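Using the hints provided, position chain B relative to the given structure of chain A.
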Amino acid sequence: MSNSTISNAPFSEPRMSGMPMPATWPRRRLGGDLLIRLRQNIGVVTAIGLFCVIYLFYHFAHPKGFSSAVFVQNADEVFTLAMVAMAQTLPVLAAGLDLSVGAVMTMVGCLASYLMSGAAQGTPIEFSFGGTSHVLAVLPGGVIGIIIGVIICFVAGTLAGFVNGCVVVYGRIQPIIATLATGAIYIGIALFLRPTPGGKIDEDLNWALTNSLQDFASTVHIFDDGNAPWFAPLGAIPVPFILIVVIALVVWVPFRRSVTGRSVYAIGSAEGAAYMSGLRIDRAKLAAFTLAGFFAGCGGLFLAIQTSSGNADIPQAGAYTLNSIAAVVIGGTSLLGGTGGAIGSIFGALILRVISFFFRIFDIAPLLQPLFEGIILLAAVSIGALRVLRVKNTLELFR
Amino acid sequence: MTAASLNISLSRDARPILISASFILVILIAGTFYTLSRLGTAPLLSPTYLLQQLQIGSFLGIVAAGMMIVILISQIDLSVPWTLTAAAMMATAVGGPWALPVGLGVGLLVGLVNGIGVAYLRIPSMIFTLGVNAVMRGLMVAHTGGFAPQTAATDLMRWLAADHSFGIPNALFVWLAVSALVALILRRMALGRYIYAIGNKEAAAYLAGVNTRGVIITCFVLCGIAAGLAGVLLAGYSTKAYQGMGDAYLLPSIAAVVIGGTNILGGRGRYLGTLVGVILIVLLNSVLSIMEMPEAGRQVIYGSVIILMLLVYGRGEKVTS
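Order-wise, the sequence lines are chains A and B. Going by this note's numbering, the first residue of the first sequence is number 1, and it counts up by one from there. Going by this note's numbering, the first residue of the second sequence is number 400, and it counts up by one from there.
Worth double-checking, as some hints may not be accurate.
These stretches of chain B come out as covered by chain A in the derived footprint (C-beta under 8 Å, 3 or more residues) [stated by the list, open to error]:
id, region
1, 523-535
2, 648-657
3, 694-703
It is worth saying that the hints were derived from the structure and are not from the lab. Here the structure is a predicted model, which means the values were calculated and not measured. Every residue, glycine too, gets a C-beta built ideally from N, C-alpha and C.
The shape of chain B in the complex, shown without the other chains:
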């Protein structure tokens, strides 16, 4: 099969996934060449190292799964950083068997507020979730006094985030479960159909009888719960919650979703792409840290990769009307 016919036979959604998957291979090969020539070892090819990187990546993966649902309905959730932090802080503060439900509950509550603001008050999500993020930050600063809270993660949180079963990190199983759930919603459930319909044309979905407000709220709630879960896991991984722990997750999660081929304007994209996008970002980060790339170079490469990938497959129509 020639390259041209391959291009035609691929659906429009599969192409980004294939390209970013091959870019992951490029990263792995380039990184291995570098380590072989400089250090004489090939850590990027060892399963232990890869599993460890994926374990760290699973927090990003869970956030990105929630973010993708919200982006699919052509909204965005900028409240993720402090939803994540608040869930972690509340979970460690409560402790005991209620830690995990409280963490998820915080995410659910924030998602509910976001959803009501966007669906009923019709405030653009870009600005409403930004405000909610500021309020959550304010609440947490008032709660902790601006310092890292002294409370520690519970054993269950630590087990979920940092322990291994059958030689595989538990966090990966959690990520897998979340992925299965999101893929199920998007591909097999009516909710998934509604999500794509709203992302394409909300008015049309409304006229077709979809309860658009309910779906929008559900999407934000799912995103909030995902952020809460990531926060609980991250607190378990680092044994405690700390200020600003969620700041490093907002932009990478959006980037992962978009690199995976999801249209930032909604209505188009597959979950597999988001999965590949997360792995790409995680591996890129780990290769750059092996290379001891200074932060300046990392940022430049990071931005260039996003633009490059999108130039290959993310280009829009000439005029959108």
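Chain A with its partners taken away, still in its complex shape:
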């Protein structure tokens, strides 16, 4: 694994916030720069390439390949895992691990199943204790209520991540065991909210977010209900796909380029060196876990909207957590920290999901599917083992 990870954002980049630019900064040739970038992000590039190949193959093999319906279905199924994988990326980059991402997702999902009913008369938020129920507040009905509900869900996920960060940073407990414990607490809260699966999500909201842009436009009545001529070529794009792109561009990319974001990479590379260089280690770790909570919350919110219910399903939460780790690794992020990124993890999640899509079209006996999934997962994570063959000095193995 390369140690020069901080330089993922090359110094030739003109927008280095907070650092003065010398007047005679050497300009590198674009070609050389591109090669260096490629070599540094080889894991991500491999993941993207692998995904493109298997997804094209999937569409050629699918009887309804390259149709909007298939794209929409795939995007719906991939969104939550992609979000949870993005969430897992940040602590892993800082050489940590977050075993609570599935729990945060479940908790926010259960919360969302109360807040998104979209009932016209509003949603009363009740708190029952000792047989009597107290109405804390009434969420306004309609679109305003849904927007407030979405914001509450975002805040809940972010807060959960922030608590994780506090336990890790100020409690100085190892991330893996700290998030194991907080994860149990979040699952407890989810069970408290939804002892049995249930809840209701506004049908229009569900329809608008889990279908193509055309359906979205006709539901929220924009662009002539989606019939505007210029809109037609865009109509087939699935809404979840747009959401992933928007979240990646609006949240991840700015964070990645900020000083805090680069500090996260630096911590993963060498925490002691990062500390000695005067980076704000505490702040960066806190930010990494908080943002992880936010991403996991987004995943939970979408899962609730997609399934129109909240379900405090402990095995499901565990499966999402473990799959998120697998997605992060397949997406080219090192579990030792310092290399990779959330974009790669999205592709890791896509690869994991497309593999299971294959079972549908190739008619593999359902009983053998878990075995194939397991073998492919094992093979995918073992690809990284090839570096062992290149190592000349045995001591290089011990990192």
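Here is chain B on its own, set in the frame of chain A:
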């Protein structure tokens, strides 16, 4: 002796054990107060009840013993749930006198695969054992058809897990034997020294001439065998194997090891701590079930206890370099 001087005189490894042991007393006292005030009885103080709880806890204890060895070399084994289940299913499927060896053999084989993946391929154990767990699950689903297998546990398995000798459950004797073996390895054998050395700094251990690959494989094999043994016993206790029987053992076993003062990054910790950690988790569970605590409250308390205990003694250095 004042509290301050007591703190100094205790070694860094003994403090967690003492604190978690006193927390066990707190649980017992609090639980007894609750049962006395609500039911008028004190089941937590009756030896029969405690022995029964420890009998159930011995399965967790055996898993945790194996898990501790792997955590000590700063690795982790996430394949425990389906190693345990596969061992139980294979043991009941084979039946007869070969049931027990087959169950342990499954554990050994999985441990060997884990060890080779981690020691030779240098894949982080977190992800490799996760993959092995998925493969084992796939194998078992293909083997059983996704249903609980119809085969039953053999008499020997039932005797080991569910019967009593001299008024004490046999499972406790098995746990005791496993504990003695692990304590012997860690404190008296060269292997134990190597394990702590690798956990502290693998490169240094390698340069000092330790066969690090061999030790890592041995550790994973021991953990696999422990999981296999727990699976065989659990199948004996419930008279058959069933899907997902190991799922409830992964996180509690890690928690027990860590509550017992073992550093999750390896190289530090005593087996006595793991023993105390297992007893703490088992008693906490039984007190909560006496209180008829709903699952939601259990999870919250469970997580809070882990954080609380670690805040008291598990805090790391400010910056690790």
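So, going through the hints one by one against the coordinates:
Given as covered by chain A, the region 523-535 of chain B passes the check, having 11 residues with a CB less than 8 Å from a CB of that chain where 3 are the minimum. For the region 648-657 of chain B, the stated coverage by chain A holds: 4 residues have a C-beta nearer than 8 Å to a C-beta of that chain, and at least 3 were required. Remark: the region 694-703 of chain B is confirmed as covered by chain A, as 10 of its residues place a Cβ nearer than 8 Å to a Cβ of that chain, reaching the required three.
Checked against the numbered hints given earlier, this structure breaks none of them.
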